[in-house]
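**Q** Now for the letters of each chain:
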Amino acid sequence: MRKAIIAVLVALLVIANLFTPFRVERVHIMMQPEVVFHVGAFGITNTLITGVLAAVLLIVLGRLVTRRLCDVPGEHSLQNALEAALELVSGYIESFAGEHTRAFLPILVCFFLYILTSNWLTLVPGVGSIVVWVGEGAQREAVPLLRSSTSDLSGTLALAVISVVASQVFGVRYRGLWPHVTRFVSINRFVVFFDELIHGRHPRLKMLARGVLDVFIGMLECFEELTKVLSFGFRLFGNVFGGEVLLTVMAFLAPYVASLPFMGLEMLTGLIQAFIFTVLSAAFFARAAATERRDESISSAESQPATETVSA
Amino acid sequence: MEISRDLIAGMTIAIGAIAPALSIGRVASAAMEALGRNPEAERGVSTNLIVALAFSEAIAIYALVMALAIKFVA
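Going down the list, the protein sequences come from chains A and B.
Position 10 (the first sequence) corresponds to 10 in this note's numbering; numbering is contiguous.
Position 29 (the second sequence) corresponds to 29 in this note's numbering; numbering is contiguous.
In isolation and in its complexed conformation, chain A is listed as follows (with noise of 0.2 Å):
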């Protein structure tokens, strides 16, 4: 009895998924944010709208905590929950940031979860669904309100630009201004060279050789901080929007049911992703944030002679 009631079902869902009469005509997928409306000559997007409405959901939140703050929560209240989701950051950067985990963890939870409130907006219904009409006349289509901010290149290219800067700022902080740019600008050795030079003392040729290494180097890291910010951005909104454009193939595909799986796998992927750009975030501050001694000991080996002849 129960094997027949299957069988009647999974046969209905798939005439359904044939013959639907409410089918998708055709798949529209936009890669850049469509505009709204205009406030002056700048564009609001609907991308901009939706990551505005996640920072006040995520404001919200956090003022609905921390009103009635306790030591221990309830079970089921949502202090437990944010504290969870807290530790389960903040365990994970003080793996790598050791020291400084208190420093880092604002801005790092902050990423966290205004990425993944970002990435689980666009599974509630009415986020791409509900439309608007935009334009006048002939050019007059259909826009919707609202888009995951982490969908739009943009949005993730500006988070990529904020990590990137924090990690600047925390280089600057914690290793001080001089230690911070000759990573990007390492003339150390140059000036050792030349110091030699000019105070008489036999100059080493080595010296200028691991110097201009040293330059070349350094130029590798600038361009390293370029690319960061490209894999950072590439990252979370190829994953985003692939997913979008999956879930749209999939309800043109098979419009009922058969696409629900592939909303578990956004939900799994939004979650992770705004995990990967947490802890991959932490690690580059804290390499920037590494205090002078743990470097020294990585290079003490080219190090040592310098310092001797220097101090001979």
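Keep in mind the hints are simulated off the structure, nothing from the lab.
So, partial list: chain B residues that the calculated Cβ filter (under 10 Å) puts toward chain A:
id: 1; residue: 50
id: 2; residue: 53
id: 3; residue: 58
id: 4; residue: 60
id: 5; residue: 61
id: 6; residue: 63
id: 7; residue: 64
id: 8; residue: 71
Yeah, the Cβ is synthetic: ideal placement off N, Cα and C, and Gly gets one too.
Keeping the supplied structure of chain A fixed, place chain B upon it in accordance with the hints.
**A** Leaving out everything else, chain B in the frame of chain A:
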């Protein structure tokens, strides 16, 4: 002979998915081996596995972004 944009987009993601597929296979097989040898380390291994998989997947995602850009950006 004119090569269509659709073909280019398809080739981009098809070729671009080869290396990440291999790397995901390697990462997963190494993780399974570690789990087989040391089953009580499951928590640490699976977290790191997911992170490593996401990094490998990111390479395929770059190809996907390029393919989508070729297909949908006029």
